[in-house]
Amino acid sequence: MSVLQKIKRIDGFKIITSPAVMFVFLLFAWMLIVYFYNALPAFVREGLATYFKNVWQATEEASKEHYGLLAAIWGTVYTSIIAILVALPLSIAYSVFVIDYAPKKIKNALIVLSDVMAGLPTIIYGIWGVFVLVPLLQKYVMFPLHKHLSFIPIFSSPPITGYSYFSAGILLGIMVTPFASAIMREAYQMIPFTYREAAIASGMTRYEATKTLLGYIKPAIFSGMILAFGRAVGETVAVSLVIGNTFNLSIGLFSPGYTISSLIANQFGNAFIYEHMLPALYAAGLALFIIGLAVNIAGLYLFRKWEKNVRI
Amino acid sequence: MSDFAIETKKLRIYYGENEIIKGIDLKVPKNVVFALMGPSGCGKSTLLRAFNRLLELNKEARVEGEVLILGKNVYGNGVNPIDVRKQVGMVFQYPNPFPHLSIYDNVAIGLKLNHLVKSKEELDERVKWALEKAFLWDEVKGRLDDYPASLSGGQKQRLVIARALALKPKILLMDEPTANVDPIGTRKIEELLFELKREYTIVLVTHEPMQAARVSDYVGFLYLGKLVEVGLTREIFEKPKHELTEKYVTGVLV
Amino acid sequence: MSGYRIRKGKEIAFFLAIAILTLITILPLFHIIATVFINGLPSVAEKGFTFLTGTLSEGGIGPAIIGTFVLMFLSSLIGLPIALLVGIYAYEYPDSLIGKWTKTLLQIMLEFPTILVGVFVMNIIAIPMGSYSAFAGAFALAIILMPYVAVYTHEAMRQIPFTYREASFGLGLTRIKVIFRLLVPLSKRGVLTGVLIGMAKVAGETAPLLFTAGGLYQSYSIGIFKPVGAIPLLIYTLVQSPSKVDHATAWGASLVLLLIFLLVFIPVRMSLKEVKL
Chain W
1 MSVLQKIKRI DGFKIITSPA VMFVFLLFAW MLIVYFYNAL PAFVREGLAT YFKNVWQATE
61 EASKEHYGLL AAIWGTVYTS IIAILVALPL SIAYSVFVID YAPKKIKNAL IVLSDVMAGL
121 PTIIYGIWGV FVLVPLLQKY VMFPLHKHLS FIPIFSSPPI TGYSYFSAGI LLGIMVTPFA
181 SAIMREAYQM IPFTYREAAI ASGMTRYEAT KTLLGYIKPA IFSGMILAFG RAVGETVAVS
241 LVIGNTFNLS IGLFSPGYTI SSLIANQFGN AFIYEHMLPA LYAAGLALFI IGLAVNIAGL
301 YLFRKWEKNV RI
Chain G
313 MSDFAIETKK LRIYYGENEI IKGIDLKVPK NVVFALMGPS GCGKSTLLRA FNRLLELNKE
373 ARVEGEVLIL GKNVYGNGVN PIDVRKQVGM VFQYPNPFPH LSIYDNVAIG LKLNHLVKSK
433 EELDERVKWA LEKAFLWDEV KGRLDDYPAS LSGGQKQRLV IARALALKPK ILLMDEPTAN
493 VDPIGTRKIE ELLFELKREY TIVLVTHEPM QAARVSDYVG FLYLGKLVEV GLTREIFEKP
553 KHELTEKYVT GVLV
Chain Z
567 MSGYRIRKGK EIAFFLAIAI LTLITILPLF HIIATVFING LPSVAEKGFT FLTGTLSEGG
627 IGPAIIGTFV LMFLSSLIGL PIALLVGIYA YEYPDSLIGK WTKTLLQIML EFPTILVGVF
687 VMNIIAIPMG SYSAFAGAFA LAIILMPYVA VYTHEAMRQI PFTYREASFG LGLTRIKVIF
747 RLLVPLSKRG VLTGVLIGMA KVAGETAPLL FTAGGLYQSY SIGIFKPVGA IPLLIYTLVQ
807 SPSKVDHATA WGASLVLLLI FLLVFIPVRM SLKEVKL
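Protein chains in written order, with our numbering: chain W, 1 to 312; chain G, 313 to 566; chain Z, 567 to 843.
Hints were generated in silico from the structure; no laboratory data involved.
Keep in mind that a hint or two might mislead.
[Unchecked claim] Below 25 angstroms or equal to it, Euclidean Cα-Cα: the simulated DMTMM-like pairs (lysine to aspartate or glutamate) are:
no., chain 1, residue 1, chain 2, residue 2
1, Z, K574, W, E208
2, G, K339, G, D395
3, W, K305, Z, E612
4, W, K14, Z, E721
5, Z, K576, W, D100
6, W, K305, G, E372
[As the list claims (entries may be wrong)] Label-pair distances were calculated between CB atoms; the ranges are:
no., chain 1, residue 1, chain 2, residue 2, range
7, G, N385, Z, M695, 57 to 63 angstroms
8, W, K147, Z, A579, 30 to 36 angstroms
9, G, D315, W, D11, 32 to 38 angstroms
10, Z, F635, G, D395, 44 to 50 angstroms
11, W, A29, Z, F639, 24 to 30 angstroms
12, Z, T619, G, L428, 51 to 57 angstroms
13, W, F272, G, K424, 55 to 61 angstroms
[What the hints assert, rightly or not] Beyond 10 angstroms from chain W on every Cβ pair, some chain Z residues (computed):
no., residue
14, A585
15, S623
16, E658
17, Q673
18, R731
19, L758
20, Q784
21, Y802
22, A816
23, L824
24, L828
Just so it is clear, CB atoms sit at the ideal spot from N, CA and C, and this is done for glycine as well.
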């Protein structure tokens with residue numbers, strides 16, 4: 001082959017597209033490196049206490065500074081669990097209703113509405129959460145529960161401001177429900193039609209048929225919940241407006257707290273004043289990075305595995 | 313220069329582990345209509361796509377042996393499939409003019425992107441020439457800027473033929489070109505084949521033996537990846553040598 | 567027959583439960599839209615046109631609106647070419663290792679916490695350059711935008727019937743011409759949808775701008791390397807203020823943001839069967 005021929009054979013397509021692909025991969029790797037590298041001083045100074053201790057001492061005297069992220073990590077996990085507990089029944093019901101019960105016109109309207117909800121700017125959930133949802137929850141849910149059931153540990157803390165794990169969890173639940181239901185809808189529609197026919201033909205009522213079919217997509221529901229959890233973990237502004245932003249390590253639903261993302265949103269602005277706070281915040285980012293990555297990969301993996309099984 | 317338009321030597325084609333074409337030696341003379349017939353799934357479309365290396369779009373496909381186009385092995389070292397495809401035009405089973413391009417642009421696109429014309433006038437002329445060749449000019453000359461969606465199935469297929477002709481290929485491959493066209497459209501395309509073979513060699517894949525009998529000079533009967541019989545169309549249909557061929561042309565074997 | 571009646575009863579109870587839960591799911595959306603209008607309209611009406619054009623001290627959010635459009639434009643400028651190329655690559659090499667990884671990476675980036683993108687861009691752009699800037703904000707938004715547009719491009723191109731691919735290659739064209747001159751234009755509708763959905767999404771983002779855009783609400787001094795405001799960012803700031811006046815402005819700004827979002831999103835969504843968000 002002559003040189004000229006070789007030059008002609010080089011695929012121009014790859015030359016144009018590969019750098020873009022490489023750029024995206026490098027960008028992602030770079031992100032991981034930035035978080036890891038900048039978090040390193042925190043691990044050197046505090047060791048594992050960075051993640052397993054609840055302490056936040058920001059002082060002008062550098063030697064007295066101490067930062068441990070446990071409260072924020074706990075808050076992230078706690079609020080996200082509340083969120084998926086809210087989203088689970090809602091998104092299943094929504095998917096079943098949309099696919100099996102709703103007449104065609106309502107069905108399309110409902111799907112568009114849930115897509116609007118999924119795409120709505122999160123700050124709008126935030127402002128609604130602060131001025132509408134939190135006061136409502138405080139008055140009609142938190143106070144009554146605390147008043148009558150405060151012997152149960154999770155209801156024991158008084159809802160002083162309303163800003164709490166509970167508020168954040170409920171708001172997150174509302175936000176991730178359309179997202180979770182979109183995944184379930186996709187899964188529910190993938191059920192081969194013959195199964196549906198078979199279920200109805202075997203004399204089941206609609207309820208029984210639905211129950212059977214839901215059993216069939218159980219793994220997809222599970223992976224949908226994992227992905228919804230991942231989305232709740234990453235949400236920032238809406239949460240930071242309603243969680244109360246307090247270093248707290250409490251099981252009490254009505255206590256204020258912190259999440260990793262709201263911690264970063266709140267503290268980064270003034271972290272530069274202190275000697276050791278910045279690495280701690282990068283360590284927080286790294287934790288969020290890894291939790292987010294692990295949760296999303298697990299969710300995607302499980303969903304794809306299920307999808308493959310269905311196709312066969 | 314070879315006497316044959318297309319010649320294959322020990323051609324084998326695999327899809328993954330499956331052998332689809334099982335060692336075929338075929339000679340297609342110049343300026344004829346050569347029909348490749350056989351029941352569906354016999355590998356005729358696959359064989360056709362080996363001639364212009366379009367098989368390479370399918371990552372599973374693997375070719376062994378040689379395909380000589382006008383005497384040159386297209387699977388030889390250093391052969392660029394792009395050059396092969398410029399010489400060998402193709403028409404498909406589903407009439408597939410580009411839906412987002414006007415009638416004019418469908419014919420012009422190959423010329424433009426391959427930089428085969430120097431001026432707008434030359435392009436206009438070549439588009440007109442190709443459409444005339446495809447017996448389509450009179451039907452579309454007033455609406456060259458319309459989209460192909462406004463054409464009938466047969467017209468669409470003739471537009472695809474014009475698109476291929478515009479590049480002035482030596483050979484035309486046609487993969488069941490009338491399978492999705494109504495009877496009137498089919499007749500027009502078949503008439504067109506008679507005209508075209510004066511200047512081009514045409515390889516026509518068909519699953520209707522009657523179509524092969526109507527339009528071809530030579531015919532090859534393909535069955536389960538093997539070339540059962542090949543020869544002059546008249547001879548094959550009048551006195552087939554092979555029992556399978558006889559069954560096929562009389563309609564017993566489908 | 568009582569067995570049948572129990573089954574029938576269960577069926578009705580089940581239907582009611584499903585219907586009520588569905589209502590609860592969708593109710594917040596209506597409530598949100600209603601409250602945004604109820605609280606936002608008076609605040610917009612009171613200031614009139616000034617609300618859209620004035621600076622913050624004049625009681626308007628003009629600079630934030632301009633900032634949002636500047637950011638949308640800049641982030642598209644940065645993100646769209648890369649996103650299109652990546653989406654096209656994933657379409658063209660679906661079975662190759664890098665192609666598969668690319669698809670997975672895009673899915674992961676779609677779900678990636680946006681605050682992390684903001685801090686990352688602060689680290690690599692805002693800090694080295696010594697100030698917040700429209701460029702830093704737009705770069706962060708571009709990272710958010712890319713996976714959306716790439717995924718949509720990939721999906722749109724996958725819908726192209728194989729026969730058009732064959733036809734294109736059959737004309738003796740190089741891969742680059744087949745893809746960019748024929749197949750991308752062929753799927754332009756789907757690609758454009760992805761671009762618009764991505765932009766609608768980006769217009770509403772707050773977290774990536776927190777430490778990158780800086781915010782600018784008192785003047786119209788626009789520059790790529792100067793701080794810039796954005797409607798969501800402004801709302802976030804105003805909500806945290808103790809002043810009632812600020813809250814009113816925040817509601818007005820929310821109304822403007824909601825309208826921008828709905829005006830882009832609804833028409834695009836209606837022209838589509840499925841979306842990914």
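Broken hints, by number: The structure breaks hints 3, 14, 16, 17, 21, 22, 23, 24; every other hint is satisfied.
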